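Top to bottom, those sequences are chains A, B and C.
Position 71 of the first sequence, counted from 1, bears residue number 71 in full-length UniProt numbering, the numbering being contiguous throughout.
Position 126 of the second sequence, counted from 1, bears residue number 126 in full-length UniProt numbering, the numbering being contiguous throughout.
Position 105 of the third sequence, counted from 1, bears residue number 105 in full-length UniProt numbering, the numbering being contiguous throughout.
If you are wondering where the hints come from, they were derived from the structure by calculation, not from laboratory data.
Predicted model only: the values in this text are computed from it and were never measured.
Positions of the beta carbon are idealized from the N, C-alpha and C atoms, including for glycine.
Hints may contain errors.
Stated by the list, open to error - Restraint-style ranges between C-beta atoms, simulated for each label pair:
no.	chain 1	residue 1	chain 2	residue 2	range
1	A	Met248	C	Arg94	24 to 34 Å
2	C	Arg28	A	Ile183	53 to 63 Å
3	C	Lys226	A	Ser120	45 to 55 Å
4	B	Leu55	C	Gln114	27 to 37 Å
5	C	Gln114	B	Lys132	13 to 23 Å
6	B	Glu155	C	Arg59	35 to 45 Å
7	A	Asp3	C	Gln114	40 to 50 Å
8	A	Asp135	B	Cys95	32 to 42 Å
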Amino acid sequence: MKDTPLANCERDFLLKAIEEKKRLDGRQTYDYRKIKITFGTDYGCCFVDLGRTRVMAQVSCELVAPKENRPNEGIMFFNIELSPMASPAFEQGRQSELSVKLNRQLERCLRNSKCIDTESLCVVSGEKVWQIRVDVHMLNHDGNLMDAASIAAITALCHFRRPDVAIQGDEVTVFSPEERDPIPLSIYHMPISVSFSFFQQGTYLLVDPCEREERVMDGLLMIAMNKHREICSIQSSGGIMLLKDQVMRCSKIASVKVSEITELIGKALENDKKARKAGGRCGFAESIPQERITALKMEESPVEMMDVTERANDIVQKAEAPPQTVPSPVVPVPGVGQVGQGLQNTWGLEDDDEEEEEEEENGNRGEEQEGKASKMEKYEKEESRGGDVVEISDSEEEEVVILHPETSDKAPVNTGSRSSSHQKGAAKSKKK
Amino acid sequence: MVTESCFFRTAETHGSVSCVSPLFQSVKCQQQHVSGSPAVPMFSTLKDRVGEVLLPGDEFTCDTDDTISLTEHVKPEKVVCGPGLRRSGDRLVVCKSGVLRHKQPNVFWIDSQQRRYVPAKGETVIGIVTTKSGDVFKVDFGGSEQASLSYLAFEGATKRNRPNVQVGDLVFAQFSIANKDMEPELVCIDSSGRANGLGVFGGGGLLFRVSLGLVRRLLAPHSEVRSDLEQLFPCELVVGMNGRLWVRSSSVQQTLIIANLLQSCDTMTAPQRRELFRRVKQGVL
Amino acid sequence: MAGLELLSDQGYRLDGRKATELRKVQARMGVFAQADGSAYLEQGNTKALAVVYGPHEMRGSRSRTLHDRAVINCQYSMATFSTAERKRRPHGDRKSTEMSLHLKQTFEAAVMTQLYPRSQIDIYVKILQSDGGNYSVCVNAATLAVIDAGIPMRDYVCACTVGFVDETPLADLCYAEESGGVSSLALALLPRGGQIALLQMDARLHQDHLETLIEAAMTACKGVSKVLDEVVRQHLQEVSVLTGE
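With the rest of the complex left out, here is chain A:
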């Protein structure tokens, strides 16, 4: 089936919006969409939501004979599957250009950077080694598949446990997880890909393009890095002309983003570990009753809902000292009003208004669920935000919600199942 064509007016509007440093979903130029990492019931199964882009990664292993030229090394195999489920533009059974590009990039990002100790996967030299297969399935395509795939793949690899083996003479025994605890892979570093899209012959640069932005962009630059600021792969695509300075700038942005994402992955893994230890329910099936997998769900609120009063107080204290000096005079557009409790509002500001709007949406839902407490919380947040916006010129800010599937009894009884899923799992990282 053919994809919906892009109308001229959409293209014009998007380009104009980008010129005005505005994005469709209210993000800023260098902002990522919300990243959410969830795990399946099995080890090595991981779902990553990047805004509305959703991918699933599953790691599996089997004992095979090694390659002739590398008898002591395990085999890594990566596959990205663009299923027609994700987008009408994807066709079944054909190796499209996009799929070749993504597959190779993932291979380069994870295999060539040697992030996994393949020698530890050797069981009997020259005879039996573990083959680790990483299958990444695209479930919903809303742009930036590469980043989502790389996050999903590396998280799934970190999460994966292979069965323990014992060698007695010539005999290799593979133990089931009941007999012996399965062993995690040894991972040296975690390369994460960050995509930059270029518009108008490279004049404008956006991080994490969504699907519509990808359609109007001139070209893409993917940089894979780890948190030690080592570049694992760079790949430019689409016929753009890059300048050296642009590449350097992108690599700097990438290093910031990567450290944020790595931290997020770490947290997600930790949460999952705790949940598993506590014997709580986890996995994909668990996400169904919490309405986490329906399209009709609303965007997760970035509003912290745990320990509302405590946090609110905390923020009030911080927010009470608004920045005394504004670096550049802010001229609000006509029609600016006030939101919140009489502090400076951000609606008219150049950059942050959409964010604000989303905030409001989210806040609104939060309020529905949480009543006054969260409302207050929201206002506080807006305040603190208002402060932030003025201070930073290019915000490296990111808000992420990890939901981990632990069931908590702290959830208020009267709220719907959806809200309960947010409350407890919401571990939010906000950094600059």
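Given the coordinates of chain A, assemble chains B and C onto it according to the supplied hints.
Just chains B and C, lined up with the frame of chain A:
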């Protein structure tokens, strides 16, 4: 500070769902009740369940009795059923999930939150011109196949005087042919040859997609969403029955806000929406 | 592999080159009569043939036609005898498909495709002998072929791979160096504007070294462009002598 106005662009023919004639089929229940027997006519059974959620497979039957009264003449009961209801023999079968709706005097249909559009004659849609070939434009409207739009079907167009339509332009057009056996055909004029709001449009605005349910809510005669929206900014809104909306406002930012608001309306209850709109209004005024 | 010393203490590499020294580049243009443009290029032991057909009417699936510019169609193949181990498939595997894609992308950036709407330009490249830097040799050969075909380009596209060993960038890697676990960077450059048409890097490298590496690659590309320039000039001279002008 902000003038409360909202320009609406819909073709006149388009009032509410009820006039979408081909989708509605009438069912005559030729039932003759025996006087005194507690036969329930279909009309009232349907009426009883208006507003309820129905699922595919739900049935309505005419409780006909075996005996036929010869003395009393019962007027045949007529029910017009719209999308989601099908007649099968003497029963009425629900074939979509959704809420049962009723319109006086005897129209019933199922209101479903479908996303894929199926064309129906007389409906107005927003299409994207994909190719120009000979005398016709091919227009993508989000349906199963592309529709054709003759270049003569514009106001004032003649063989000499062709309309200026480029590939990728948006058109607001009405279906003149839409049935399952033929290629759908669009026109940008009404029966008297006037544009009447139809035609090429779309400079500077944003096109986005919402569910068909929301579109119907927007187009309903006393739409709450619309009246809520009117309170916010002056904006120009084109609503296609195929789930596409086009918005233009004075600035990029306002356009984006409206687009995001409308998209989020899809999944919000009325109080949530009012609250959200109220807050946005507060923020902007 | 680990035992190989890629850069000696005296600053010489495995094949005796200095760090920034390129391999010897030899090229011929117009090697085939049938094609619209063709070139043969040797860079050290890597040898490539490039053939260009077009611009011509769209062939195959017409649906790919672009109404505002030409489509560039690239095919990269490696002769079965090009590597030490005989290759089973000359093209069609993931790596060569990717290489075709990269070539396509490079030339989409360089060729002025907007001059030929609704048409197609075919670029076929074959590696006859592979000794590292396949991508860059292909790009260099294809540039000459495109020039030979008389298709307008913004500039030469020159490509080069660079590696990074002991804090020193090595220009134009050969196979032994490439497989020796060096972090390598392939770069296609339009030398006059300093614009990068394609950038690809493998293996780990600290961010701080990126700039030096790109810098080195750009210098190397400019070196290649000088050689190509000479080849083109010489070829034109020969042609004009033959035609008696």
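Status of the hints after comparison with the structure:
Under the hint 24 to 34 Å, the C-beta atoms of Met248/A and Arg94/C, about 30 Å apart, fit the expected range. A hinted range of 53 to 63 Å for the beta carbons of Arg28/C and Ile183/A is consistent with their spacing of about 58 Å. Take Lys226/C and Ser120/A: their Cβ atoms lie about 48 Å apart, and the range 45 to 55 Å holds. Roughly 55 Å separates the CB atoms of Leu55/B and Gln114/C, a value that falls outside the hinted 27 to 37 Å.
Range check, Gln114/C to Lys132/B: about 20 Å between beta-carbon atoms, so the 13 to 23 Å window is met. Hint check: Glu155/B to Arg59/C, Cβ distance near 41 Å, so the stated range 35 to 45 Å holds. Hint check: Asp3/A to Gln114/C, Cβ distance near 24 Å, so the stated range 40 to 50 Å is violated. Range check, Asp135/A to Cys95/B: Cβ separation about 37 Å, and the 32 to 42 Å hint holds.
Checked against the numbered hints above, the structure violates hints 4, 7; every other hint is satisfied.
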